[in-house]
Amino acid sequence: MDEATVRSLTVGDTVYLNGPIITGRDEMHMRALKTIRAGDEVPEEIYDSVLYHCGPIMTESGNKWIPVAAGPTTSARMNDLTPEMIEKFHIRAIIGKGGMSPEVAEAMKTYGCVYLAAVGGTAVSLAEGLGESTGSYWNDLGMAEAIWKFNANNFGPLTVAIDTKGGNLYDEVRKKIKR
Amino acid sequence: MIKLPEPVEDVVFNLLRASNTILPKDVGWALEAAAAWESNPTAYSQLGAIMDNVRKSELLSRPMCQDTGIPIFYVRGRFDSSVAEDIKKGLIRATKEIPLRPNTVDPISREPYENNLGEGMPIIHFTPTDDNFTEITVMPKGAGSENMTKLVMLNPSEGREGIVKAVTDAVLDAEGKPCPPGVIGIGIGGTADKSILLAKEALLMPTGDENPDPVLNELEEEIFIKLNSSGLGPMGLGGATTVLGVRAKKAACHTASLPVAVNIGCWATRRASARIYDHEVKYSQEGFF
Numbered sequence: 001m002d003e004a005t006v007r008s009l010t011v012g013d014t015v016y017l018n019g020p021i022i023t024g025r026d027e028m029h030m031r032a033l034k035t036i037r038a039g040d041e042v043p044e045e046i047y048d049s050v051l052y053h054c055g056p057i058m059t060e061s062g063n064k065w066i067p068v069a070a071g072p073t074t075s076a077r078m079n080d081l082t083p084e085m086i087e088k089f090h091i092r093a094i095i096g097k098g099g100m101s102p103e104v105a106e107a108m109k110t111y112g113c114v115y116l117a118a119v120g121g122t123a124v125s126l127a128e129g130l131g132e133s134t135g136s137y138w139n140d141l142g143m144a145e146a147i148w149k150f151n152a153n154n155f156g157p158l159t160v161a162i163d164t165k166g167g168n169l170y171d172e173v174r175k176k177i178k179r
Numbered sequence: 180m181i182k183l184p185e186p187v188e189d190v191v192f193n194l195l196r197a198s199n200t201i202l203p204k205d206v207g208w209a210l211e212a213a214a215a216w217e218s219n220p221t222a223y224s225q226l227g228a229i230m231d232n233v234r235k236s237e238l239l240s241r242p243m244c245q246d247t248g249i250p251i252f253y254v255r256g257r258f259d260s261s262v263a264e265d266i267k268k269g270l271i272r273a274t275k276e277i278p279l280r281p282n283t284v285d286p287i288s289r290e291p292y293e294n295n296l297g298e299g300m301p302i303i304h305f306t307p308t309d310d311n312f313t314e315i316t317v318m319p320k321g322a323g324s325e326n327m328t329k330l331v332m333l334n335p336s337e338g339r340e341g342i343v344k345a346v347t348d349a350v351l352d353a354e355g356k357p358c359p360p361g362v363i364g365i366g367i368g369g370t371a372d373k374s375i376l377l378a379k380e381a382l383l384m385p386t387g388d389e390n391p392d393p394v395l396n397e398l399e400e401e402i403f404i405k406l407n408s409s410g411l412g413p414m415g416l417g418g419a420t421t422v423l424g425v426r427a428k429k430a431a432c433h434t435a436s437l438p439v440a441v442n443i444g445c446w447a448t449r450r451a452s453a454r455i456y457d458h459e460v461k462y463s464q465e466g467f468f
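Chains A and B are the protein sequences, given in the same order.
Using the working numbering, read the first sequence as starting at 1 and increasing by one per residue.
Using the working numbering, read the second sequence as starting at 180 and increasing by one per residue.
Think of the hints as simulated: they come from the structure by calculation, not from any bench.
It is possible that some hints are incorrect.
[Said to hold, decoys possible] With a Cα cut of at most 30 Å, we get these calculated DSBU-like pairs of lysine-lysine:
| hint | chain 1 | residue 1 | chain 2 | residue 2 |
| --- | --- | --- | --- | --- |
| 1 | B | Lys-429 | B | Lys-461 |
| 2 | B | Lys-373 | B | Lys-204 |
| 3 | A | Lys-149 | A | Lys-176 |
| 4 | A | Lys-178 | A | Lys-88 |
| 5 | B | Lys-267 | B | Lys-235 |
| 6 | B | Lys-268 | A | Lys-64 |
| 7 | B | Lys-373 | A | Lys-176 |
| 8 | A | Lys-109 | A | Lys-34 |
| 9 | B | Lys-204 | B | Lys-329 |
| 10 | B | Lys-405 | A | Lys-178 |
| 11 | B | Lys-373 | B | Lys-268 |
| 12 | A | Lys-149 | B | Lys-275 |
| 13 | B | Lys-344 | A | Lys-176 |
| 14 | A | Lys-165 | A | Lys-175 |
| 15 | A | Lys-175 | A | Lys-149 |
| 16 | A | Lys-176 | A | Lys-88 |
| 17 | B | Lys-329 | A | Lys-178 |
| 18 | B | Lys-429 | A | Lys-178 |
| 19 | A | Lys-165 | A | Lys-178 |
| 20 | A | Lys-176 | A | Lys-165 |
| 21 | B | Lys-344 | B | Lys-405 |
| 22 | B | Lys-405 | A | Lys-176 |
| 23 | B | Lys-275 | A | Lys-64 |
| 24 | A | Lys-175 | B | Lys-405 |
| 25 | A | Lys-64 | B | Lys-235 |
| 26 | A | Lys-175 | B | Lys-344 |
| 27 | B | Lys-461 | B | Lys-204 |
| 28 | A | Lys-149 | B | Lys-235 |
| 29 | B | Lys-344 | A | Lys-178 |
| 30 | A | Lys-175 | B | Lys-275 |
In isolation and in its complexed conformation, chain A is listed as follows:
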């Protein structure tokens, strides 16, 4: 996804994605930032990526790796690491669940990145949209924490929940909550 497309999205839009997606969660964020801070290189696919907060169940079939179940994980765990990820790698979209911090929303506005909410737990449906893996990195981190690459086809539904214009669906809901 290019920056112009990202900036055209508005909170509340429903989208389905086609094209490259990489997975990454806690350990991947820590290693990516540690590596780049040390001046070393990370896999080029991280740059300008659509980053999916997901630790899939993968199974080997022939010489291919197929996702069996691949729903989103809780994005808030990556709150502290994400502004720097967006700044350094120009992440264009983050797919996850549960939303992210105001600091992340600010970085999204500045560098051009959106937050797309996948439906938590809908792992079988979302795995279908990913198709077979097109490669992986950092497998020593374990199946859940490794980077898995996919070429998505009709992957969704995803709800634009934080956009580049200051829109934030989670904030809107939070303001209206009755206790």
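Following the hints, complete the assembly by docking chain B onto the known chain A.
Same frame as chain A, now just chain B:
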């Protein structure tokens, strides 16, 4: 001909497969009822995607969620020490064959373990009884919901009102993180550790059944209405469905204490039980009646 029951290891494998691939009927019905109520389009689409996924996972026998969690085992009835080894063997096989995601790591080095084992794993709670069966229950518990667990040690003077507030705050502060709409497990009383055990055990009670304790039943209903009037909605994106059920258990506590624990189950509140008798095995995902 006398039918011999399958080996315990196989029973454990069957339980792990059923719990991960088939949503308990009571939870499924609660989802359908919720979808019929929803007028918020975002909420309706979230529930639709969930129900669609539930159908696919059962049909394809695939885990409904990639977070197959930490399996928590409950063993009650008559048993000996071999049951722990059988559970371990069943879990190893299930991790490879279903497959389950290998989720366990060292808490400090974060080095992954294989087959969902590792130090202190698997977690098994034992309750010996004089029944003529061994009952094994498994609850696969994902981290998204487990991470939202709350324990509060209230002052006794805060009373019932304090309990309602502690529970509603725990659920509403968690927002979309534990994958609402789920089941809220509440443990009241006991000690700090006991209240958490009760809250988790409450998630094994079928959603929608009346609580045998009328005081807890009223409390469950009050919290259910309060949470579903909050507007948090499925995945925290707004709507009328924040919880599918509220279940509570209690135990006596110290005169100076009022422990309240909240353990949240996501929409995929998964469980399966088996009763192993001499000549047969009975399975259920909604408890035994």
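Right, here's what the structure says about each hint:
no., hint, result
1, B/Lys-429 / B/Lys-461, "holds (28 Å)"
2, B/Lys-373 / B/Lys-204, "holds (28 Å)"
3, A/Lys-149 / A/Lys-176, "violated (38 Å)"
4, A/Lys-178 / A/Lys-88, "violated (39 Å)"
5, B/Lys-267 / B/Lys-235, "holds (28 Å)"
6, B/Lys-268 / A/Lys-64, "holds (28 Å)"
7, B/Lys-373 / A/Lys-176, "violated (35 Å)"
8, A/Lys-109 / A/Lys-34, "holds (24 Å)"
9, B/Lys-204 / B/Lys-329, "holds (27 Å)"
10, B/Lys-405 / A/Lys-178, "holds (9 Å)"
11, B/Lys-373 / B/Lys-268, "holds (29 Å)"
12, A/Lys-149 / B/Lys-275, "holds (22 Å)"
13, B/Lys-344 / A/Lys-176, "holds (18 Å)"
14, A/Lys-165 / A/Lys-175, "holds (18 Å)"
15, A/Lys-175 / A/Lys-149, "violated (37 Å)"
16, A/Lys-176 / A/Lys-88, "violated (35 Å)"
17, B/Lys-329 / A/Lys-178, "holds (20 Å)"
18, B/Lys-429 / A/Lys-178, "holds (27 Å)"
19, A/Lys-165 / A/Lys-178, "holds (27 Å)"
20, A/Lys-176 / A/Lys-165, "holds (21 Å)"
21, B/Lys-344 / B/Lys-405, "holds (10 Å)"
22, B/Lys-405 / A/Lys-176, "holds (14 Å)"
23, B/Lys-275 / A/Lys-64, "holds (17 Å)"
24, A/Lys-175 / B/Lys-405, "holds (17 Å)"
25, A/Lys-64 / B/Lys-235, "holds (22 Å)"
26, A/Lys-175 / B/Lys-344, "holds (19 Å)"
27, B/Lys-461 / B/Lys-204, "holds (17 Å)"
28, A/Lys-149 / B/Lys-235, "holds (24 Å)"
29, B/Lys-344 / A/Lys-178, "holds (12 Å)"
30, A/Lys-175 / B/Lys-275, "violated (45 Å)"
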